[in-house]
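Now that you have both chains on their own, put them together as the hints suggest.
Those protein sequences? They're chains R and W, same order as listed.
Under the working numbering, the first residue of the first sequence is numbered 133, with each subsequent residue one higher.
Under the working numbering, the first residue of the second sequence is numbered 439, with each subsequent residue one higher.
Mixed in with the good hints there might be a few duds.
Claimed, not checked - Just some of the chain R residues that point at chain W, by a computed CB distance under 8 Å:
| no. | residue |
| --- | --- |
| 1 | Phe206 |
| 2 | Pro213 |
| 3 | Gly238 |
| 4 | Pro239 |
| 5 | Gly240 |
Unchecked claim - Here are a few chain R residues that sit away from chain W, every Cβ distance over 12 Å (derived from the structure):
| no. | residue |
| --- | --- |
| 6 | Thr145 |
| 7 | Gly148 |
| 8 | Glu176 |
| 9 | Asp188 |
| 10 | Pro193 |
| 11 | Lys200 |
| 12 | Ala204 |
| 13 | Thr208 |
Derived by calculation from the structure, the hints in this document are not laboratory data.
Don't be surprised by glycine CBs; every beta carbon is placed ideally from N, CA and C.
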Amino acid sequence: DAGVIQSPRHEVTEMGQEVTLRCKPISGHNSLFWYRQTMMRGLELLIYFNNNVPIDDSGMPEDRFSAKMPNASFSTLKIQPSEPRDSAVYFCASSLQESSYEQYFGPGTRLTVT
Amino acid sequence: KNQVEQSPQSLIILEGKNCTLQCNYTVSPFSNLRWYKQDTGRGPVSLTIMTFSENTKSNGRYTATLDADTKQSSLHITASQLSDSASYICVVGYNNNDMRFGAGTRLTVKP
Numbered sequence: 133d134a135g136v137i138q139s140p141r142h143e144v145t146e147m148g149q150e151v152t153l154r155c156k157p158i159s160g161h162n163s164l165f166w167y168r169q170t171m172m173r174g175l176e177l178l179i180y181f182n183n184n185v186p187i188d189d190s191g192m193p194e195d196r197f198s199a200k201m202p203n204a205s206f207s208t209l210k211i212q213p214s215e216p217r218d219s220a221v222y223f224c225a226s227s228l229q230e231s232s233y234e235q236y237f238g239p240g241t242r243l244t245v246t
Numbered sequence: 439k440n441q442v443e444q445s446p447q448s449l450i451i452l453e454g455k456n457c458t459l460q461c462n463y464t465v466s467p468f469s470n471l472r473w474y475k476q477d478t479g480r481g482p483v484s485l486t487i488m489t490f491s492e493n494t495k496s497n498g499r500y501t502a503t504l505d506a507d508t509k510q511s512s513l514h515i516t517a518s519q520l521s522d523s524a525s526y527i528c529v530v531g532y533n534n535n536d537m538r539f540g541a542g543t544r545l546t547v548k549p
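Bound-form chain W, shown alone (with noise of 0.2 Å):
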């Protein structure tokens, strides 16, 4: 079954400090992974794509990793601001243009 799954669930981190998002999945054949960032009330913005050749990505302080073998997928979030709390979305393209989402992690920087 094709499933993309998050964790943690949510998360409160001290603003400077850093934090690592994970994302597992089990879709197959797999395409791509994306990462996006959802600020509440506002669309999904990506933050980094990855095929299956790609095992990390950097945006800024945001650096994605990538491990097909294992289908895992973490994001890494560096000297954490305040902007940076939303929601964080995994998804994952299978098949030609399937796709399945993680639930995403609420992530929440506090000063």
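Isolated chain R, as found in the complex (with noise of 0.2 Å):
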């Protein structure tokens, strides 16, 4: 069975340039998650949405940071622009439903910005 599949597995850009990272969910699950994961904050949930519709983006670090999931079966982050500090490893998981707390990681997308 495939997991959740994260593109790129690793982005390496400009200070100022968008980056967009994309995940595809496990099928059949409705809640999906963005974490981002560096050595000096850990792991920090960025949003998640629950069947398509974003509930929590509290975690958002700035404006420049966005997230859609126009389907059941694929969502993006954007950065725009990006700036060295975004450097990090951004994971997004998928789960069930809203209120499981078994959620399933992705690979990872390694960001780094220069």
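Structure representation (structure tokens):
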């Protein structure tokens, strides 16, 4: 069975450029989560969706960050313009339902902004 | 203030030995507590999930305990293997869907 799929796995970009990270959740899962992980701050929840609707985006650091989920099988996290402090590993996770405690994480996208 | 603190920050043990990782939290109202294992370069993988009414849960050689009164949890690893080398993250859920993450414990198992 395919797990959560993220692309790209690695992204290197220059400051000021737009970055788009992609996620395909596990088929049948209704909730999708975007996380950021850094050495300094650990894992942080950025935003989560339930049935394609954003429920809580209080973790989104700034207006430069935006996330969409146009359908049940696809989500994007966009950073525009990117800054060096955005360098981190970005994880997408999905779960069967909003109240499900079991989340399945993707392999992550390692973003480096120079 | 809702906090999750893990200890130790890092740990080195010999293969075959047991170890215990700690997680203390102050989040309220408590909903659930999860332990994740994260291998280097991979996403976290769920080990155990406990709700308020559960005080112990096992997953193979991993056993998690929860004391909701003292707001403490531990993850015990029995007969460690080299593949147990990873970061172990404690996540505490509160309110409806809020979460707080611990900084993790980095475990290294040496032959």
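- Which of the numbered hints above does this structure break? Of the numbered hints, 1, 2, 8 and 9 do not hold.
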